[in-house]
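Enquirer: Residue strings, one per chain:
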Amino acid sequence: MAKFILRRVGVMLLTALCLTFIVFFLTNLYPNLEKLAKTQGNFRMTDEEVASFLGRNGYLQPVPVKYGQWLGVLPGWTTEAGDGTLRGRCIDPDSPAEDAPRFCGILQGDWGHSTVFRTEVGGIIGDKLGLTGRLMLWVMLLMVPGALILGVLAGMREGSRTDRTLSTFAITTTATPEYVSGVLFIAIFASSAVGLKWFKGTATSAMENPTFENFFLPVLTIALYGMGYIARMTRASMAEVMTAQYIRTARLKGVSFPNIVLKHALRNALIAPFTVIMLQFPWLLNGVVIVETLFNYKGFGWTLVQAASNNDIELLLAVSVVSVIVVLVTQLISDIGYVYLNPRISVT
Amino acid sequence: MDLLSWGEIILRMFGRFMPVWIALAVTFALSITFKRRLGLYGKLFDSPIGMVGFGLVMFWVFTGILGGGFDMILTHPVLEQSASMKNKVPGTPYTKMMGEAAEGAYPYYLLGGDNLGRDVFSRMVVGSWEVIKIAPFASLFAFMVGITLGLPAGYYGGRLDTLLSFLANLILAFPVILLFYLLVTPEIVLTGIPVYMAAVLFIFPIVFLVLLWNSRFHTQPKTRNIYVGITLVVGLWLYSGIAWNADPLGLIGFPPNLLVVFVAVVFVNSPTVFRIVRGLTMDIKTRDYVAAAQTRGEGTWYIMLWEILPNVRGPLLVDFCLRIGYTTILLGTLGFFGLGLSPESPDWGSTINEGRKLLSLYLHPALPPALRAAEPRSGAQPAGRRSARGKPARLSI
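Residue numbers (numbering that gives the first Met the number 0), protein chains in the order written: chain A, 0 to 347; chain B, 0 to 396.
One should not assume that every hint holds.
Said to hold, decoys possible - Chain B side only, calculated, beta carbon under 8 Å to chain A, not exhaustive: (1) Glu186; (2) Leu231; (3) Val233; (4) Ile328; (5) Thr332.
To be verified - Far from chain A, by Cβ distances over 12 Å, these chain B residues were calculated: (6) Glu7; (7) Arg35; (8) Gly157; (9) Arg158; (10) Phe179; (11) Val188; (12) Leu200; (13) Ala290; (14) Gly313.
Stated by the list, open to error - Covered stretches of chain A (in silico footprint by chain B; criterion: 3 or more residues with CB under 8 Å from a CB of chain B, positions within the stretch not fixed): (15) 30-40; (16) 44-58; (17) 205-213; (18) 303-310.
Hint data in this document are derived by calculation from the structure and do not stem from the laboratory.
As the structure is a computational prediction, the values presented were derived from the model and not from experiment.
A virtual CB, placed ideally from N, CA and C, is assigned to each residue, including glycine.
Kindly produce the complete structure, drawing on both the sequences and the hints.
Expert: In structure tokens form, the structure reads like this:
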């Protein structure tokens, strides 16, 4: 088991390295750098001004060198300005250049400087992850029990009227992308046109002070999309378990139906949905980006959109590192959890 | 003229969709009459759910083709703006300028006007054409790539499998939206990267077909040469036009911003297909008929393409139907973030995004495309599941 986890962590690191390099390469293409220079300086810069801006800020070194600096395995760049002052990757403009360390990359715990927010990347990522974490917590609290109940109710009597109604509901919710359901919810519950106005159409105020009124719609939008899929998986797994021999035996023994469902079937039926729930995390990440943009909730997904549309290289890299780790860790957990839940499978 | 009531709007919309109803009726009549001879497709018409799903999907397919391709259902030109029609409610009489009735034009904006005074109904109809042009082909290309790489990975295993699986997992580990933000920007189009990606991805269908014919007919060189020749001539002609925009005859071209959307969607979808095909191949290759083919001394590509592939068609068909729906959502997402297609484009995602800015005041510009975007996908699901009944539809990924 330890060997398996070790190998997976190794693959994970390799994946993260390759992936960040791809992001690094794409964001460091010249047209992208030009856009960065123009947003940092002004939009009417000539080509020479762009080149000198990029050279002054160390953007024109070869990509592998810059990548090494970002990782912290190569010393950071320094350039000397016209008046003899040193500028450099590791040099803080407020403190003397001599005190600056030679290496400053993620290995030294320095995530770099965001060009959009003009602060340290590490701080931004921490804050935004906290905000998105809160959103995800509520999504999970709503989605997982909801989906399991739906799935179990639908699956315990396959083909019944309850089953068909709930399955239709589940298909409809998975078939409706977040940008559609979000728009619909805002239209119905938050706009002055329909007049219900039960909830707020933006979740900006939920960043400081989440209440039911301003936080429920974003949570519901993400939860509904994932819910249908998990519910269908649970239903399939439940329906299969209900046809098993031991369920028939239990019925013949005269065990009551609720007892059969709760004590005999449920535990076996929950193995498959567990993996699905874990694998939903990467998808939720996707939904989070859309919903945070739609509801203007300035969390992790919103940061991704800001970083990507402004070509904020170091922020974007940090965002991709975090999301890769989320994706790969959930995969690992789902593999390990599967082994514990289902003794017939072994990883070795 | 007065505002139309909701009953009149619905009646008039029903009327505008008349060509679609006729096409649907013809399709259903023909399919149900000959359903016993149509194999898997005919089975769809044995269940009400399958028929409803198929009907929903075909409704939008016909709307797209007839409305977008042949200009039949539209009431007004998609890009035409009218100063007096800004944010008007559904059923408003059409006037070009304030107070002036338009000559010869359709007298109403059936679903109202958007913030630039364009007709929401027409934009919705043409929006379905945008989706129909891209989604099925992108899914098809993703399948070609996934199958051509997934079969050998599953069949040979070993180093090849490790390498290809690592690459597939690498792409899958990307959050889709980040990938789109990196790939589908005007700056990236400038660097030419999408063209190179297209050059790599679009070669797979040709490779796939050549391998398919060659492995089947290599004992009959004459037949083989005909098939491979036709594939190469047509394939390379399309390839030069689509990927490099260098068609020698000048007939086929691909607008660069459409190409980048297409490439990105294929690129995102193919790793998943690869994993499915690989998993299924690993399962099927231990079967007796594969062993029999190996003993007969058949070539490996023959075994993969003509023994294994036909036997995994059930799950692949299901996935294909679902993937078209998924691609539709992806396209909508792209439009929603304003990536790819041009800002004037009437595709559903962009329209939703434009409409939502005014959402709390004016409902109508965002709602029809939003409802439409959800519909084809809910239709595709039952249709896909139904068509795979009777086959061992086990998806082991």
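Enquirer: It remains to establish, for every hint, whether it holds in the given structure.
Expert: Cross-check of the supplied hints:
no., hint, verdict
1, Glu186, "4 Å, holds"
2, Leu231, "33 Å, violated"
3, Val233, "34 Å, violated"
4, Ile328, "4 Å, holds"
5, Thr332, "7 Å, holds"
6, Glu7, "21 Å, holds"
7, Arg35, "26 Å, holds"
8, Gly157, "17 Å, holds"
9, Arg158, "15 Å, holds"
10, Phe179, "9 Å, violated"
11, Val188, "9 Å, violated"
12, Leu200, "16 Å, holds"
13, Ala290, "26 Å, holds"
14, Gly313, "16 Å, holds"
15, 30-40, "holds (count 4)"
16, 44-58, "violated (count 0)"
17, 205-213, "violated (count 0)"
18, 303-310, "holds (count 5)"
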